[in-house]
Each structure stands twice: as structure tokens, then as C-alpha cells.
Amino acid sequence: MALLLAQRMMQAVAILFGVALVTFLLLHFLPADPAALIAGRSASAQMIANVRHQLGLDLPIVQQFWHYLKGLLRGDLGRSYIQRSEVAALIASRIPATLVLMVTGILVEVSLGLLFGTLAALKRNGIADRLVMTLAFVGVSSPQFVVALLLLYVFAATLGWFPMSGYGTPAHVVLPALTLGLLGAGWYARMVRSAMIDVLNQDYVRTARAKGLSQSRVILRHALPNALLPVVAMIGIDVGQFMGGVVVVEAVYGWPGIGQLAWQAVQQVDVPIIMGVTLVSSLAIVIGNLLADSLAPVLDPRIRGR
Amino acid sequence: MTMTWLKTTTAALALTTALAVLPAKAADVPVQGGTIIVTYKDDMATLDPAIGYDWQNWSMINGLFSRLVDYKFGTTEIVPSLAESFTISPDGLVYTFKLNPKAKFTNGRKVVAADIKYSIERAVNPKTQGPGGGFYHSIVGADKMTDGSATTISGIETPDDATVKFTLAQADATFLNVLALNFSSAVPKEVVEQDGADFGKKPVGSGAFLLKEWVSGQRLVFARNTDYFRERPNLDGFTVEIGQEPLVAILRLQKGEVDIAGDGIPPAKYLEMKKSPDAADMIVDRAQFETSYITINTTKKPFDDVRVRQALNMAINKDRIIRIINGRATPASQVLPPLMPGYDESYKGYPFDIVKAKQLLAEAGLKDGFSTELWAMNTDPNPRIAQAIQQDLAAIGIKAEIKALAQPQVIAAGGNKDQSALTWSGGMGWIADFPDPSDFYGPILGCGGAVTGGWNWSWYCDKTFEDRATKADAMSDPKQRDERSKVWAQIFTDIQTQAAPWVPVFNERRVVAKSKRMGGPDEIYIDPTRVIDYEAIYAKN
Numbered sequence: 001m002a003l004l005l006a007q008r009m010m011q012a013v014a015i016l017f018g019v020a021l022v023t024f025l026l027l028h029f030l031p032a033d034p035a036a037l038i039a040g041r042s043a044s045a046q047m048i049a050n051v052r053h054q055l056g057l058d059l060p061i062v063q064q065f066w067h068y069l070k071g072l073l074r075g076d077l078g079r080s081y082i083q084r085s086e087v088a089a090l091i092a093s094r095i096p097a098t099l100v101l102m103v104t105g106i107l108v109e110v111s112l113g114l115l116f117g118t119l120a121a122l123k124r125n126g127i128a129d130r131l132v133m134t135l136a137f138v139g140v141s142s143p144q145f146v147v148a149l150l151l152l153y154v155f156a157a158t159l160g161w162f163p164m165s166g167y168g169t170p171a172h173v174v175l176p177a178l179t180l181g182l183l184g185a186g187w188y189a190r191m192v193r194s195a196m197i198d199v200l201n202q203d204y205v206r207t208a209r210a211k212g213l214s215q216s217r218v219i220l221r222h223a224l225p226n227a228l229l230p231v232v233a234m235i236g237i238d239v240g241q242f243m244g245g246v247v248v249v250e251a252v253y254g255w256p257g258i259g260q261l262a263w264q265a266v267q268q269v270d271v272p273i274i275m276g277v278t279l280v281s282s283l284a285i286v287i288g289n290l291l292a293d294s295l296a297p298v299l300d301p302r303i304r305g306r
Numbered sequence: 001m002t003m004t005w006l007k008t009t010t011a012a013l014a015l016t017t018a019l020a021v022l023p024a025k026a027a028d029v030p031v032q033g034g035t036i037i038v039t040y041k042d043d044m045a046t047l048d049p050a051i052g053y054d055w056q057n058w059s060m061i062n063g064l065f066s067r068l069v070d071y072k073f074g075t076t077e078i079v080p081s082l083a084e085s086f087t088i089s090p091d092g093l094v095y096t097f098k099l100n101p102k103a104k105f106t107n108g109r110k111v112v113a114a115d116i117k118y119s120i121e122r123a124v125n126p127k128t129q130g131p132g133g134g135f136y137h138s139i140v141g142a143d144k145m146t147d148g149s150a151t152t153i154s155g156i157e158t159p160d161d162a163t164v165k166f167t168l169a170q171a172d173a174t175f176l177n178v179l180a181l182n183f184s185s186a187v188p189k190e191v192v193e194q195d196g197a198d199f200g201k202k203p204v205g206s207g208a209f210l211l212k213e214w215v216s217g218q219r220l221v222f223a224r225n226t227d228y229f230r231e232r233p234n235l236d237g238f239t240v241e242i243g244q245e246p247l248v249a250i251l252r253l254q255k256g257e258v259d260i261a262g263d264g265i266p267p268a269k270y271l272e273m274k275k276s277p278d279a280a281d282m283i284v285d286r287a288q289f290e291t292s293y294i295t296i297n298t299t300k301k302p303f304d305d306v307r308v309r310q311a312l313n314m315a316i317n318k319d320r321i322i323r324i325i326n327g328r329a330t331p332a333s334q335v336l337p338p339l340m341p342g343y344d345e346s347y348k349g350y351p352f353d354i355v356k357a358k359q360l361l362a363e364a365g366l367k368d369g370f371s372t373e374l375w376a377m378n379t380d381p382n383p384r385i386a387q388a389i390q391q392d393l394a395a396i397g398i399k400a401e402i403k404a405l406a407q408p409q410v411i412a413a414g415g416n417k418d419q420s421a422l423t424w425s426g427g428m429g430w431i432a433d434f435p436d437p438s439d440f441y442g443p444i445l446g447c448g449g450a451v452t453g454g455w456n457w458s459w460y461c462d463k464t465f466e467d468r469a470t471k472a473d474a475m476s477d478p479k480q481r482d483e484r485s486k487v488w489a490q491i492f493t494d495i496q497t498q499a500a501p502w503v504p505v506f507n508e509r510r511v512v513a514k515s516k517r518m519g520g521p522d523e524i525y526i527d528p529t530r531v532i533d534y535e536a537i538y539a540k541n
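Listed in order, the protein sequences are those of chains X and U.
The numbering of the first sequence is this note's numbering, which starts it at 1 and goes up by one.
The numbering of the second sequence is this note's numbering, which starts it at 1 and goes up by one.
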């Protein structure tokens with residue numbers, strides 16, 4: 001176990017280095033000149049050159065990357081070209097909002113997914129199963145933007161049950177979490193259904209039933225924990241994705257998370273912020289997968305033995 | 001930053017009409033007190049006056065800081081502000097200002113002459129990395145500070161705490177306009193030095209408002225500066241809520257949760273709102289100092305032939321393009337927008353004439369047409385406009401491949417001589433920094449702007465016009481104003497007739513949505529120089 005974790009840590013460092021390198025190169029060759037944008041439209045060629053020099057953009061690319069890496073080791077992600085603030089501080093200020101959205105969004109999608117996935121598996125090929133699978137299909141294929149606006153229009157603008165936009169109270173989180181949850185629940189429902197069907201056909205479930213255990217006990221105690229394995233792996237991936245920012249949901253609901261920060265930075269070619277958010281979300285994906293991998297042996301003794 | 005400023009809309013209508021003479025509605029008189037909510041999609045970049053240069057932070061910076069001179073509310077008339085009075089020497093080279101003794105920074109310190117000198121030097125200093133440095137080139141010694149060979153500007157002197165004297169290298173009719181720009185705002189040196197790069201997040205000025213709170217990505221809270229040296233503002237404060245999708249902002253506005261939707265009305269909602277009688281007093285729709293155009297790279301073949309450029313001018317169906325943006329514009333015949341001094345009403349520009357356009361191409365030896373590239377921003381409605389232009393060009397045998405990219409990439413391509421042949425400026429169309437035709441010449445048609453990273457995307461540089469422009473700018477005596485406008489008008493129409501480096505397409509109007517409780521004339525919501533005039537607007541209850 002310890003060896004596995006050590007291996008995974010090494011992999012994580014290598015992945016992060018790779019992400020930093022690729023993002024840096026991609027942004028470097030982007031046909032946009034931050035110096036010209038910063039210097040303004042009344043700037044002379046000399047002024048643009050001055051700004052380029054101060055930002056270190058006239059150095060050879062290897063040297064620029066080396067400076068960036070040295071900064072990273074000190075936890076310094078640089079300063080935003082546009083806002084002029086420290087990127088690390090900007091990202092840190094947005095993490096709480098993204099965490100709230102991540103936790104509530106995952107809660108909604110997992111609980112809905114488990115509920116409907118199990119139901120579908122139990123009523124396999126029946127009406128309930130077909131209905132759940134159809135809804136799951138609609139869910140996974142609906143554009144986030146449309147669902148977000150629809151929920152907003154019905155529950156906020158028309159019925160007035162929830163605030164339309166913003167952050168700060170439990171009421172604010174309901175619609176964004178529901179948007180994410182409804183879309184993600186489809187994936188979970190399909191996965192739980194197939195895992196459940198697989199588990200329900202196993203010998204130990206048959207044995208449990210033969211011993212005369214009630215249906216609910218068989219499901220909750222014996223089948224569900226074993227059907228949870230793929231769900232845990234999926235949550236690991238979701239953690240990473242959500243930390244990378246749920247750009248559309250954050251944009252529609254005015255949610256002050258990392259996705260919103262990233263989206264704005266992309267529009268303004270604010271390279272230090274784009275780099276910072278990419279690295280932080282890559283780190284989150286790595287950690288999410290690491291967590292899922294570490295949890296798997298706890299849930300499944302077969303993996304523990306390996 | 002710059003690009004966002006371009007995208008905008010410093011708007012205008014009454015060029016010389018003072019706000020005082022505008023007909024006020026019976027119950028609509030300025031009220032003191034109350035707070036309002038304003039929304040924007042994007043977070044605020046910075047509130048540092050030496051750096052902030054987009055349409056969103058421009059009005060807020062304007063309200064936080066004050067300058068030697070300013071514009072009379074809702075007009076383009078310059079009046080003293082931080083300066084109580086000023087004099088100009090007969091040769092137009094020396095400007096002397098006497099400061100208002102009541103002016104104080106919000107940290108309690110009095111504003112003195114040294115603050116003005118420091119603030120302008122800071123805006124020019126390359127270390128500040130601000131976009132405003134280029135405006136001050138006419139002050140003696142400013143260029144030396146720009147190139148780093150001097151640490152102060154010799155042409156700014158402070159004989160005593162209450163006097164600031166500027167000496168210019170050449171007469172400059174736009175100098176007072178430059179001093180009214182946000183970049184010229186007074187900042188306290190001790191606070192700037194203490195906060196460094198964070199000054200833009202914790203601004204301290206001597207304006208009508210002060211910043212009480214800034215929560216990144218969520219809100220900025222402004223409160224009335226009780227120590228302000230003028231009678232204004234009307235409001236006790238305003239909260240700017242950030243991250244609001246424009247469509248959501250309009251829904252909230254209609255429910256009365258929001259007072260000003262800063263990003264305007266999205267196209268999908270525009271016609272519905274425009275037609276609704278309920279929304280009649282919620283929409284402010286005004287012309288502005290803006291022209292949207294196609295630049296033609298005059299250094300690239302075959303566009304180095306003026307006949308080809310003229311043919312392009314005749315091939316574009318401007319009315320059809322305006323229909324794409326729901327009619328929110330008027331066709332442009334020339335570089336200057338109609339509200340700008342120097343606009344020539346008698347000049348009709350090139351007619352829409354496909355036959356003549358084809359004939360011109362044939363004369364240029366391009367009977368069978370040619371292929372080229374058209375760059376445009378990738379946000380709605382620009383790709384659709386680019387397609388309309390593409391079809392128009394196809395009608396005269398020109399095959400244009402559309403390169404729709406993010407705004408910074410399009411700007412970079414335009415500012416690179418070898419890259420962009422044709423660029424649609426939509427979304428980045430030229431908006432004047434101040435109401436003077438010279439701002440429509442220097443950066444976008446003059447030789448100074450034809451540099452890598454510059455904004456003269458036609459790469460048009462003609463020494464004859466350069467001389468004429470310099471002479472026009474030297475006509476700084478206010479008595480010469482009308483004559484100067486005529487000189488500028490001739491320069492712009494001559495460029496278009498003789499060289500046709502642009503296809504002027506339309507002059508876009510700006511739209512702001514406000515709640516019914518907001519009072520005051522339209523001019524303060526779409527102000528000629530401030531975007532929204534937070535100092536003058538008020539809530540009726």
C-alpha cells in the first residue's frame with residue numbers, strides 16, 4: 001500500500017511537470033502579445049518593448065520556463081497581467097466557492113444516481129428501468145447551459161423560490177448544485193445499474209437471499225457496497241473536474257469559483273492565471289484519483305490482497 | 001484591458017448641451033441618498049487609475065479619483081475640478097493650474113501640487129506598465145521618461161503646494177482632454193508606495209466615492225466620500241455585483257432586484273424588451289463616438305493598389321450587416337462618427353455599387369478575382385457579420401477565408417504587418433478616448449500606430465497626412481476650434497477618397513438597461529466621457 005502511494009506520488013509530480021511544460025509551450029506560441037495589450041493603444045513600439053522586457057517575455061523560452069518552475073517550487077504562481085494581483089492569492093480566494101459547489105454537486109449526483117440506478121437494476125427491463133435509463137440518457141446529453149437557464153427561469157425567475165444569482169447562503173447553492181447533479185446523476189445511474197445487475201447475479205447474493213434475509217437488507221448490506229466500487233472511482237474523477245471549474249454553471253449562476261476566473265483569464269489571455277488554474281486543477285485531478293485508488297482497497301478486499 | 005475598452009462604448013449625444021438645460025421630467029429631480037445595485041459579467045480588473053483602461057472600470061475609477069479638470073456632467077465641455085482655475089499662455093505652450101484648497105484624499109491628507117506631478121509621472125513611467133503613457137508625449141521631457149533615460153518629467157513644475165505648471169514641447173489642442181483622462185488622476189504617493197501592485201485593489205483617491213469592500217468574483221461596495229470637495233454625488237453608495245450573466249442580469253432587473261445591468265441587453269432579449277411598453281423607460285439607447293470598420297492592410301498585395309481598396313468599399317452591403325445586429329447602428333460613410341467634431345455631413349463615402357467595384361478590380365488586373373483572409377472576433381455577432389462580408393466580397397470575385405479567433409489573437413494579427421490582410425473591427429471598434437478627432441487619427445491611421453503591436457491595422461502611413469495632422473493638433477487656441485474641425489474633416493475625407501485604407505461599416509449605438517427607480521437624463525447613463533456617471537445618477541426613492 002505504502003509502495004503504491006509512493007509510486008502514485010512520483011507519477012503525480014511527473015504529470016504536473018508535464019502539464020506545466022505543455023501549457024507553457026501552448027500559451028507561448030499563442031498568437032497574442034500581452035505586452036501590446038498592457039501597453040495600450042497609444043503606445044509606441046518602444047513602450048511595448050519596455051513592457052515585454054519587464055515581463056521577461058524577451059528572454060529565450062527555456063529561460064522563461066526555468067524562471068516559472070523556480071517560482072512554482074516557492075509556491076509562486078506569478079502575477080496576473082491584467083489584475084496585477086498574485087495568482088496564488090486569486091486562486092485561493094476562489095477555492096472555497098468551488099469546493100462548496102463540488103461537494104453539493106457530487107452529493108446530489110451520487111445520491112440520485114444510486115437511488116435510480118438501484119431501482120433500475122431491481123426492476124430490470126420493466127417500465128421503471130426504461131424510464132430511468134431514458135431520463136439518464138436525456139440527463140447526460142443535455143447541454144449544461146440549457147439546463148442551468150431552464151432551472152433558473154422556472155425556479156428563480158418565475159416561481160421565485162431561489163435567488164437567481166450569487167453566492168453566500170444555502171439557498172444560493174441549490175440551483176447550481178441541482179444543475180450539476182441532474183446532469184451527472186445520469187452517468188451514475190447507468191453505472192450503478194450495470195454494477196448492481198452484475199452483483200445481484202453473484203453467488204453470495206443468492207446465498208444471502210437463501211438465508212432468508214429481507215430484500216432491503218440484501219441490497220443495502222450485501223449488494224450496494226460491492227456495486228459502489230466504480231462509483232468511488234468516478235467520484236475521484238469528478239473531484240478533479242469540478243476543481244478545474246465548472247465554467248458554464250459558474251458563469252450562468254454568477255458563482256465566484258475557479259471556473260469563472262479561468263474563463264475570464266482565457267478571454268483576456270492572462271497567461272499567469274491560465275497557467276495557475278491549469279496546474280491547480282491538474283493537481284486536483286491527481287489527488288482525486290489518488291483518493292479513489294486509496295479508497296478502493298478499503299471497499300474491496302480483493303484489491304487489498306494484490 | 002485595452003481591448004475591453006475598445007469593445008465599449010463611451011457614448012455621447014449632446015456634444016455641447018449642458019445638462020442643466022436638458023428637459024427634466026416633472027417628478028424626476030436629483031435626490032440625495034439611497035444605494036443601488038449594478039451588475040457586470042466580468043470581475044473588475046483593477047481600480048488603479050494609471051492602469052485601468054476598460055469600459056467597466058473606467059467609470060468606477062472616475063468616481064474614486066479626481067483630476068485637475070473634468071467634463072461637465074453629461075457633456076464634453078471641460079471644467080476645472082481639482083484645479084480651482086487655470087491659465088494658458090498665449091503661445092499655447094504653458095498651462096498653469098491653481099489647486100482647490102478643499103481637495104483631500106480619503107486618507108485625510110490634503111492634495112498638493114507634488115501629487116499631480118507624481119501621478120502623471122507614474123502614468124508615464126514604463127515600470128507602471130500602464131496603457132496611458134503615450135498620451136503625455138507633448139509635455140517637455142515626457143519622452144525621456146518613456147524611454148527610461150529620465151526619472152522625472154522636466155516639463156511639470158510645482159512652484160508651490162497649490163500650483164502646477166506644464167510646459168509643452170508643441171502646442172496641443174487636446175492637452176486639456178488628456179488631463180481629464182483617468183490616467184491623470186491624483187494618487188497619494190505614500191499609499192501607492194506602501195501597497196505596490198495591490199494599490200489597484202485598495203485604491204485611495206480624492207473622488208466622489210471610496211471603495212469599502214472588494215470580494216473577488218462577487219462584489220465591490222462603494223460609499224459616498226463625505227469629504228469630497230464638490231456637492232456631489234447624489235447616491236450614498238452603490239454595489240457592483242460581479243459574475244452576472246447578462247441574460248440573468250436582465251431578468252433580475254425586470255424583477256427589480258438590480259438597478260443597472262452594466263453589460264446592456266443581450267441580442268436575444270433586445271427586440272422583446274424594445275417592443276414591450278413596460279420596458280420603455282428602462283432602456284437607454286444612444287449614439288456614441290464609435291466606428292466599426294474593415295481595415296485593409298495597405299502593404300499586402302493586391303491591397304497595395306488603391307483601386308482594389310476602393311472596390312472593397314463599394315462591395316459591402318452595410319444595410320444588410322446592420323440588420324444582423326437588430327438595427328442597433330447607422331451606416332458609416334467615413335472614419336469619424338457623426339457626433340465627433342470634424343464629421344463631414346456632406347461626404348457620402350463610396351456608394352454600394354457591385355458593377356463599379358468589379359470594374360475597378362478589372363482595371364487593377366484582377367478580373368478573375370483573388371483569395372484572401374478576413375480576421376474577426378469569434379463572439380456573436382461578429383462571425384455572422386464576417387460571413388455577410390464574405391458573401392459581399394464573393395459577389396465581386398474575392399474569396400475570403402474567415403479567421404474567427406479570440407479578441408487578443410485578432411488584435412495581435414492586426415498589429416503584425418505580415419499577418420492580417422483584412423480585419424473586421426467589430427467588438428473592438430474604435431471608441432474615442434476623448435472627444436477629439438485627433439484620437440481617431442494618431443493611433444489608427446497615423447504612422448505612430450503603424451508599429452508591431454500597434455493599432456493601425458491598415459498599416460497606412462503617409463507623411464503628407466502626418467504633417468497635416470500635426471498642424472491641426474497645434475491649433476490649440478479655443479478661437480480656432482471651428483476652423484480646426486474643418487481642417488480635420490478635410491484630412492479624414494481626403495484619406496478615404498485618395499487612399500481608402502478602411503471600409504467604414506457602421507456607427508454602433510450603446511444600450512444600457514436601468515430599473516424604473518433610477519432617475520436623471522440618458523446622458524448620465526451613457527456619458528460621452530465616463531461611460532456611466534456614478535457621480536450624477538440618482539435613485540428616485
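Wrong hints could be hidden among the right ones.
Taking CB as the label site, the calculated pair distances span [unchecked claim]: (1) X:237 <-> U:384: 31 to 39 Å; (2) X:131 <-> U:399: 47 to 55 Å; (3) X:61 <-> U:467: 53 to 61 Å; (4) U:272 <-> X:61: 48 to 56 Å; (5) X:267 <-> U:276: 26 to 34 Å; (6) X:145 <-> U:271: 52 to 60 Å; (7) X:10 <-> U:271: 56 to 64 Å.
Okay, derived cross-link-like pairs now, EDC-like style, lysine to aspartate or glutamate, Cα gap no bigger than 20 Å in a straight line [said to hold, decoys possible]: (8) U:201 <-> X:86; (9) U:356 <-> U:305; (10) U:127 <-> X:86; (11) U:202 <-> X:86; (12) U:127 <-> U:190; (13) U:127 <-> X:203; (14) U:540 <-> U:281.
These are computed hints drawn from the structure, not numbers from a lab.
Ideal Cβ positions, reconstructed from N, Cα and C, are used throughout, including at glycine.
Legend entry - Unmet hints by their number, sorted upward, for this structure: 3, 6 and 13
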